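Visitor: Please build the complex by placing chain A on the supplied structure of chain F, with the hints as guidance.
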Amino acid sequence: MSNNYGLYIHVPFCLSKCFYCDFYSISDLSLKSDFIAALLNEIKIRADLNKKIDTIYLGGGTPSILDPFEIEQILLNIYKSFQIVKHPEITLEVNPNTLKNNYFKQIKGLGINRLNIGVQSFQDKKLLFLNRSHSSNKAKKTILQARNADFDNLGLDIIYGLPKESFETLLYDLNKALEFEVDHLSCYTLTYESGTKIYNKFKGKNPLNDNFISCLFELTSKHLKKKGYIHYEISNFATTLKHKSKHNQKYWDMLPYLGFGPCAHSFDNNIRFWNYRDIKKYILSLRKNILPVSQKEILTKKQKMLEIIMLGLRTLKGVDIIKFENIAKQKFAKIFKNILKDINANSWGTIKNNKLVLNLNGMVYLNSITSCFAEKILK
Amino acid sequence: MNIKQENIRNFSIIAHIDHGKSTLSDRMIQIAGIVSDRDFKNQILDTMDIERERGITIKSQTVSLPYKAKDGQEYLLNLIDTPGHVDFSYEVSRAIASCEGAFILVDASQGVEAQTLANMYLAMEHDLEIIPVINKIDLPSAEIDWVKQQIEKDLGLDKKSILLVSAKNGTGVNDLFKSAVENFPAPGGDLDAPFKALIFDSHYDSYKGILVHLRIFQGSLKPGDKIVFMSNNSEYKVEEVGLFQIKRNPVKSLQAGQVGYMIAGVKMISDVRCGDTITLAKNKNDKPMSGFKEPKPVVFSSIYPVSSDDYPELSEALEKLKLNDASLVFEKDSSLALGFGYRCGFLGLLHLEVVQERLEREYNLSLILTSPSVQYKIIRKDGKTEIIDNPALYPDPMEIESTEEPYIKAAIIIPDKYMGAVMQLCMEHRGTSTNYQYLTNNRIEMKFDLPLAEVVYEFYDRLKSVTQGYGSFDYEIAGYHKTDLVKLDFLVNGERVDALSQLLYRDNAVDRGRKSCKRLKEEIPRQMFKIAIQGAIGGKIISRETVSAYRKDVTAKCYGGDISRKRKLLEKQKKGKKRMKMVGSVEIPQSAFLSVLKSGD
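Protein chains in written order, with my numbering: chain F, 1 to 379; chain A, 1 to 601.
It should be emphasised that the hints constitute simulated quantities derived from the structure, not laboratory data.
Warning: the hint list may mix true and false statements.
[As the list claims (entries may be wrong)] For each label pair, taking beta carbons as the anchor points, the in silico distance ranges come out as:
hint	chain 1	residue 1	chain 2	residue 2	range
1	A	SER465	F	GLU193	26 to 36 Å
2	A	ASP205	F	LYS44	54 to 64 Å
3	F	SER135	A	ASP205	55 to 65 Å
4	F	LYS222	A	LYS557	18 to 28 Å
As the structure is a prediction and not an experimental result, all values here were calculated from the model.
Ideal placement from N, C-alpha and C gives every residue a C-beta, glycine not left out.
With the rest of the complex left out, here is chain F (with noise of 0.2 Å):
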């Protein structure tokens, strides 16, 4: 297993807000000179040779809202503060309401070779209700000029399970999704979260019952999986194995990543801490050469446990059962001995080489048996 770090900026700013993203971002982009000047300034204090990066990602927010210019000015910056391992993947979301010529070109030149499109769906009834500022249009020009720019590998976002969500419309997105012949798809599931503009309009309650949401989860994967790609994690699909996330890999592995930006999660073995929701904190705090830390938690035994059967049922690879006794001290066997019965006896996952997976009979139980296993720990 590798040692090596993912890296993860987190670009603040939106054009727009949409209506179910609580993602930190603010749409009031006169901050953003400041922003990068506090960024380089995070990345030159935290700078260490000794850690080796492999994976980069731009995310958001809008990251593609940035200028080339800006792009090579934070990159150059990374490249000077890390050991950058010989091909990283470096990933940059976009969003197609940023669009402008030449840009992937351009990026692409900079050394960005994974790209990320948030199209979220082709039909321009669902991109209104999810307030998206972009036409179902311009989503594919995005892909199209993407690809002109011989991106290899091209993902894209899709969101599903919206209130007037049918078995069609879902269908009609995947194809969609599938004539452009991308090499990654995530497919996430529509959640109500507190504080955003869906949550208080649906009161918080998803107006699709859990069953039904289940039942589109397990077309997205029955459909995509006999067009040729991996279901690798709970959201995500690659077309092989070398087009899977390897940044976002390290999060549901528990490996080491260091984020930058505000609101940006950083991991390294048992401590995880997060830089303030704030960007003026985030900016003031760097101008002082403070780092912009909000919160740090050091996981506790039972934390860890559980977070490793929370991110591990999530994957293609499972549960990491060795990892797992290493912590806890006792054989997981053991300990669930109930759970595991009830996975056997409804075929819902295998034990294969000391990990266990869950398959997609089992996945669309996911919640149920991940709190199964955490009413087990934190008993």
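Guide: For chain A alone, coordinates are given in the frame of chain F:
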């Protein structure tokens, strides 16, 4: 402020729910200028969170408004705000007893409603001067002439005295002040006679202790006076007297005719009784004044703390709430499943919900309420009769000769096109139509005899829905009728949960049992083993549902690097279970206990 008695007016605003009473009060408070615009918020008299959230008034509140008439005279107008929902008519009667006049408020598009009528009769019984007011005249759907006609015909009031206002934009509100001064009589009461006052409300203030709300009928009261509550002879020394002007406004003394508050270091909550007479200690052998009628609770339910350690807190909270809500009655109770609690009586189901919410919010308690019940009469074979409201006390059916249940006389006012729908609704609830009459050419008042048990649950909501909001409803209790009563029990994994048991009419039992099992299945969260839920009458199982240990509930969500959040959700889920009650090995959430009553599918 020293206001002459003839310059005082005590009045309330009577209206059906939603006819804009709170908005009108807001406007009057704003015009009187006792609150700066900066501090002003809508529904200013509705101080409870629940009142603002639900847009209803539950508690009567008082506010003293200064008013300068055109002739330069200073007046003090005491507005006593009243609730509009049928459950709280008791509060209305207390407010009315402290007034000399009332504005009767009618919505310009809705017209006169059943409760408007009922409350107006109440006001007339107390010889109040009544002035009709049509509100919401700014609405496009306002039908002022039609409503004027109703006021004349249905209420028998003079068309010429009607005031037209829009509380929303303030039109005509000034005329209300003028009219109050001109038309409502000044309170009487001999200023020089010995002090005598009636308690009409009280509440607990965390800084000042108990505030007694009183209406002074003769003499005056000032700090330093020694007073006595006549019902229990407890003596106190007055510390402060004052007026309600949103905030407490202390004054040197209160005189006959005035409405205000008194702080007298009252420590024992039970000493203060609404309707009690206060006199000076030296006159304690005086005759008490006639008080208010005791409110009669009609719905009963037991309240238990989710955690049995909270029982002392629950006791204290109920005592404090009682101070502010004289209609609440309670006594100790216990349950096998839930431990120690209280059996409480309520004025209706909304009252029950409000008490539950207040206990939970204001006293930070986590509670379980058992199935609400009415009071049934059980006639035993040995000839003895007893009244029970608690399923736990239901005797062995073999010992029962017959059973009776309370009925109500209901008055429902509707546009006549809903006659069929309302007839149907009342039949479904075992009602019999006794009479109907046209009030105007298309509005009709229907009268029904209905079992009280049928209306306590969702009748009012259903009436609103079948009449698209136009139906209004008022009732009075009207004695007992023979019935066929059974006790419906619920078993969770084979164990009877006494707190879920309910008494009901035999023909409704199977259907209720089936629906309740379905609801319990939805409310009881999946646990790590299969749970069987059964409904039973006597020893016979009539319905069954199973909660599987797992259900399809995948969410494919993106968390990015913020793994803590997802983990905290799982940790919180575990904590959330603390709001549940362990019954045997099964955790049952609060919501399950009330869910069994809902009749809809």
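Visitor: Which numbered hints does this structure break?
Guide: none
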